[in-house]
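Asks: Relying on the hints, combine the two individually framed chains into one complex.
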Amino acid sequence: MNIIDFISKPWPWYVAGPMISVVMFLLLWSGKTFGISSSLRNICSIAGAGRYYKYFDFNWRKEIWNIVFIVGAILGGYIASSFFQNLDPLKLSNNTINDLSKLGIVFSGELVPNEIFNIHSLATLKGFLIIVIGGFFVGFGARWAGGCTSGHAISGLSNFQLPSLIAVIGFFIGGLIMTHLIFPLIF
Amino acid sequence: MKYIKFFLIGILFGIIMTKSEIISWYRIQEMFRFHSFHMYGVIGSSVILGMIQVLIIKKINFKNIGGKIIEFKNKKLGRYNNLYGGIIFGLGWALTGACPGPMYILIGNGYYIFGVVILSAILGAFTYGAIKEKLPH
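If you're matching them up, the sequences are chains Z and V in order.
Taking the numbering used here, the leading residue of the first sequence gets 1393, the next gets one more, and so forth.
Taking the numbering used here, the leading residue of the second sequence gets 648, the next gets one more, and so forth.
Mixed in with the good hints there might be a few duds.
Unchecked claim - Derived lysine-lysine pairs resembling DSS-like cross-links, with alpha carbons at most 27 Å apart:
hint, chain 1, residue 1, chain 2, residue 2
1, Z, Lys1454, V, Lys723
2, Z, Lys1424, V, Lys705
3, Z, Lys1483, Z, Lys1401
4, Z, Lys1446, Z, Lys1424
5, V, Lys710, Z, Lys1446
6, Z, Lys1424, V, Lys781
7, V, Lys705, Z, Lys1494
8, Z, Lys1446, V, Lys723
9, V, Lys652, Z, Lys1424
10, Z, Lys1518, V, Lys649
11, V, Lys781, V, Lys706
12, V, Lys720, Z, Lys1446
13, V, Lys705, V, Lys715
14, V, Lys706, Z, Lys1424
15, V, Lys715, Z, Lys1446
16, Z, Lys1454, V, Lys652
17, V, Lys781, V, Lys720
18, V, Lys779, Z, Lys1454
19, Z, Lys1424, V, Lys649
Hints were generated in silico from the structure; no laboratory data involved.
Since the structure is predicted, the reported quantities are computational estimates derived from the model, not experimental observations.
Next comes chain V alone, as it looks inside the complex (with noise of 0.2 Å):
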């Protein structure tokens, strides 16, 4: 029952990544030719919301649900990682016109070919994994 709880936290995702049309392939094309605002609207104000939620959640020491004062990892900085692992990604990004979460809610959507891109994803992660110790970071 524990669970219960990121179920509903997921359905309610879905249905906002569906309702603004984050999940269109069209919509990734619009932003990466620059006709549209939505987009950039739509990560602008969610990250900027965040920051805010994070410092004060920061600032107040605010706890969790078990009790605990929320503690945010760090990001690992990599020389190489982050930059070349963010355009294979990118390139990714606008030939689906999908990132993993879209990916997922598609097929709620009814696009069941999303299903091929998801497994081509699981892919993607194993053959990193399997060559991690060889690519620079």
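With the rest of the complex left out, here is chain Z (with noise of 0.2 Å):
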């Protein structure tokens, strides 16, 4: 790979991979522990939640670096998507552009589908379901079980913690009863 694919391909898993480790291993060494769900609840504390719940009553001045973090993230996603961009459409298996378009849904060769994750179709029920409800359930899901794709599968793996392997396998069986079961009812 020379430095101008570097810039404009995608990068594959076997780079993405050990670099995801590399934030996980600064975050340690900074005296943090890798994990991005905590940040919803902090934002609930900073909004004044501890007054009411319990659960959000805690210093949230102690976990402002990981809003931090997260501002840092987003700058990073309009870093990579304004000057490093993968310059050709997403490479998506043929498998997947077929089964999605039995479901009515074009490949745009873009990260995600517009014509579900745009502001109209926050109006109709199928897109009020994907975009408000799915989210409401990483959040509320994510809290429930301690940690989410960060804090349980890459934090929580490494650390060898069962809790973590249990939870990440119910990620699995709730996003595979979603896209077989639950998909084809909604699409």
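Replies: Shown next as structure tokens:
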């Protein structure tokens, strides 16, 4: 992989995976633990939810680093998409393209299907379900499980945590049910 | 200024997640349909390298920037919550095609509708905090 490819082409898994473990290491080295869904709790706490519910009643000032990290990540997304843009359309497997087309979802070559993820689709039942109920499930489920993909799947599994293994199995049970059993009903 | 390092690590994270297309709704569908190795390769290699890294850190008592030995907090094992919460998370992950990290990073990529996804996720976290005592753990 030369430097031009590195900048203009998507990164393969064997570049991305090791780099994510570097991110995990840098956070450990900084005295923190990699985990993103705690930010959802922190935001509630910053907004004052601690006055009403004990779960949000903690010193959120100690967790500000987590919000700073996220602001950085948003900027990272902006930098990558503006200056190191992947020039070719996304190379999705043909099997997935076929499966999705049977559900009536056209593969756009972009990161997400724009026909679903737009402000107008919020007013439709399907769009509301995907955007609002989907988001709600992610937030509710991650907090009930005690972590998300970063906290459980990456940090937790790396530290041989049984609760994390159970949670990750749960992630896949839920994802497979949604993809294979519920998607055909929604779309 | 003590926060600048987290800002920089965040930028790195956002770039990795964007360049490797992990934030793509389509890639998550591909993963749940077992049509590509990409996502499994990303998660698998980061976990294996993560395990090696944790073992080494523990073995040599590696110290963090503040000079303290890095301690790993154990995740709390619940009889129900890890699995039930995990399943609900998975349902949402397949719907939105994004876990919390990608939700934020997609905004940086110009997909502003994910701001609504995040607000919904915050509402989900709030609801959990509100009814926590009534849920099995």
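Asks: Is it true that the CA of V:Lys715 sits at most 27 Å from the CA of Z:Lys1446?
Replies: Outside the cut-off at roughly 30 Å; violated.
Asks: Within 27 Å, alpha carbon to alpha carbon, are V:Lys705 and V:Lys715?
Replies: holds (12 Å)
Asks: With a cut-off of 27 Å on the C-alpha distance, tell me whether Z:Lys1424 and V:Lys781 pass.
Replies: violated (31 Å)
Asks: When you check the alpha-carbon spacing of Z:Lys1454 and V:Lys723, does it fall within 27 Å?
Replies: Status holds; Cα separation ~21 Å.
Asks: Are the Cα atoms of Z:Lys1424 and V:Lys649 separated by 27 Å or less?
Replies: holds (13 Å)
Asks: Sort out whether V:Lys705 lies within 27 Å of Z:Lys1424, counting only the CA atoms.
Replies: At roughly 15 Å apart (the allowed maximum being 27 Å), V:Lys705 and Z:Lys1424 satisfy the hint.
Asks: Starting from V:Lys720, check that the Cα of Z:Lys1446 is at most 27 Å away, please.
Replies: Cα-Cα ~21 Å, so holds.
Asks: Taken at face value, is the distance from the CA of V:Lys649 to the CA of Z:Lys1518 at most 27 Å?
Replies: Given pair Z:Lys1518, V:Lys649 is violated - Cα atoms ~44 Å apart, limit 27 Å.
Asks: For the pair supplied as a hint, V:Lys706 and Z:Lys1424, is the alpha-carbon distance within the 27 Å limit?
Replies: Between V:Lys706 and Z:Lys1424 the Cα gap is close to 19 Å, so the pair holds against 27 Å.
Asks: Given the proposed pairing of V:Lys781 with V:Lys720, does the C-alpha separation stay at or below 27 Å?
Replies: holds (26 Å)
Asks: So if I understand the rule, the pair passes when the alpha-carbon distance is 27 Å or less; does V:Lys779 with Z:Lys1454 pass?
Replies: holds (23 Å)
Asks: Is the Cα-Cα distance between Z:Lys1483 and Z:Lys1401 27 Å or less?
Replies: Distance of about 11 Å is within 27 Å: holds.
Figure legend: structure checked against the earlier numbered hints; hints not met, in rising order: 5, 6, 7, 10, 11 and 15.
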